[in-house]
Amino acid sequence: MADTIAMNASDFIITSTYQEIAGSKDKPGQYESHATFTLPGLCRVVSGINIFDPKFNIAAPGADQSVYFPYTEKDKRLTQFHPAIEDLLYSKVDNKDHIGYLENRRKPIIFSMARLDVVKNITGLVEWYGKHN
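Just so we're aligned, residue 1 is where the sequence shown starts under full-length UniProt numbering, counting upward by one.
Hints are supplied without guarantee of correctness; some may be wrong.
Stated by the list, open to error - Each computed DSBU-like pair below joins lysine-lysine, with the alpha-carbon atoms no more than 35 Å apart:
{"hint": "1", "residue 1": "K76", "residue 2": "K120"}
{"hint": "2", "residue 1": "K74", "residue 2": "K55"}
{"hint": "3", "residue 1": "K92", "residue 2": "K107"}
{"hint": "4", "residue 1": "K25", "residue 2": "K120"}
{"hint": "5", "residue 1": "K120", "residue 2": "K107"}
{"hint": "6", "residue 1": "K96", "residue 2": "K107"}
{"hint": "7", "residue 1": "K76", "residue 2": "K92"}
{"hint": "8", "residue 1": "K74", "residue 2": "K96"}
{"hint": "9", "residue 1": "K120", "residue 2": "K55"}
{"hint": "10", "residue 1": "K55", "residue 2": "K25"}
{"hint": "11", "residue 1": "K74", "residue 2": "K92"}
{"hint": "12", "residue 1": "K76", "residue 2": "K107"}
{"hint": "13", "residue 1": "K131", "residue 2": "K76"}
{"hint": "14", "residue 1": "K74", "residue 2": "K131"}
{"hint": "15", "residue 1": "K74", "residue 2": "K107"}
{"hint": "16", "residue 1": "K120", "residue 2": "K92"}
{"hint": "17", "residue 1": "K27", "residue 2": "K55"}
{"hint": "18", "residue 1": "K120", "residue 2": "K27"}
{"hint": "19", "residue 1": "K27", "residue 2": "K131"}
{"hint": "20", "residue 1": "K76", "residue 2": "K96"}
{"hint": "21", "residue 1": "K74", "residue 2": "K120"}
{"hint": "22", "residue 1": "K120", "residue 2": "K131"}
{"hint": "23", "residue 1": "K96", "residue 2": "K131"}
{"hint": "24", "residue 1": "K131", "residue 2": "K107"}
{"hint": "25", "residue 1": "K131", "residue 2": "K92"}
As the list claims (entries may be wrong) - Quick list of the computed label-pair ranges, beta carbon to beta carbon:
{"hint": "26", "residue 1": "S24", "residue 2": "K107", "range": "34 to 40 Å"}
{"hint": "27", "residue 1": "K120", "residue 2": "M1", "range": "19 to 25 Å"}
{"hint": "28", "residue 1": "D3", "residue 2": "E73", "range": "36 to 42 Å"}
{"hint": "29", "residue 1": "S10", "residue 2": "L39", "range": "18 to 24 Å"}
{"hint": "30", "residue 1": "L102", "residue 2": "V46", "range": "19 to 25 Å"}
{"hint": "31", "residue 1": "N121", "residue 2": "G41", "range": "28 to 34 Å"}
{"hint": "32", "residue 1": "G100", "residue 2": "I13", "range": "39 to 45 Å"}
{"hint": "33", "residue 1": "Y71", "residue 2": "N95", "range": "25 to 31 Å"}
Hints listed in this document are in silico derivations from the structure and should not be mistaken for laboratory results.
Note that the Cβ used here is the ideal one computed from N, Cα and C, for glycine as well.
My request is simple: use the sequences and hints to build the entire structure.
See below:
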């Protein structure tokens, strides 16, 4: 319900694909479920959000290849940031920049950028990483 209120109050909503908004012939979009729904014993929403409203804007994903590149291209790495990154990951002292640390320095560092959505399975990635030897 809070999502529906927030979307209706917004002037501009950015998504990465049209399918994210309205889905496809076979699968509903992420926002399509906000059009009509029922919260049993609480309320029934029959006109929640118009997925064809021009407030929905698509900004296709892309990556700056000078920053994101294959791990094999070691010459492109920004090595001047390595000490600060190591401090963020391995320092046992909590501060305003981080809480906690990685204990096993032999594990590779993984970067993941995604919304916290069940379909993205970030919790699965974290669990797998934590359990892997």
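| query | Within 35 Å, alpha carbon to alpha carbon, are K74 and K107? | reply | Roughly 18 Å separates the two Cα atoms, so the pair holds.
| For the pair supplied as a hint, K74 and K120, is the alpha-carbon distance within the 35 Å limit? | holds, 28 Å
| message | With the threshold set at 35 Å, check whether the alpha-carbon distance from K74 to K131 stays at or below it. | response | holds, 28 Å
| query | Taking only the CA atoms, is the gap from K76 to K107 under or equal to 35 Å? | reply | Since the Cα atoms of K76 and K107 sit roughly 22 Å apart, the hinted pair holds (cutoff 35 Å).
| request: Below or equal to 35 Å on CA atoms is what counts here, so check K27 against K55. | output: holds, 22 Å
| query | Are the Cα atoms of K120 and K131 separated by 35 Å or less? | reply | holds, 19 Å
| request: Evaluate the given range 36 to 42 Å for the C-beta pair formed by D3 and E73. | output: Hint holds: Cβ distance 40 Å, inside 36 to 42 Å.
| So does N121 sit 28 to 34 Å from G41, Cβ to Cβ? | At roughly 31 Å between Cβ atoms, G41 and N121 fall inside 28 to 34 Å, so the hint holds.
| When you check the alpha-carbon spacing of K55 and K25, does it fall within 35 Å? | Measuring from Cα to Cα gives roughly 22 Å; hence the hint holds.
| said: Check whether the Cα positions of K96 and K107 lie no farther apart than 35 Å. | reply: holds, 25 Å
| query | Does the alpha-carbon distance linking K120 and K27 stay inside the 35 Å limit? | reply | Roughly 16 Å separates the two Cα atoms, so the pair holds.
| said: Between the alpha carbons of K27 and K131, is the straight-line distance 35 Å or under? | reply: The hint holds at about 33 Å.
Violated hints, listed in ascending order, are 2, 30, 32; each of the other numbered hints is respected by the structure.
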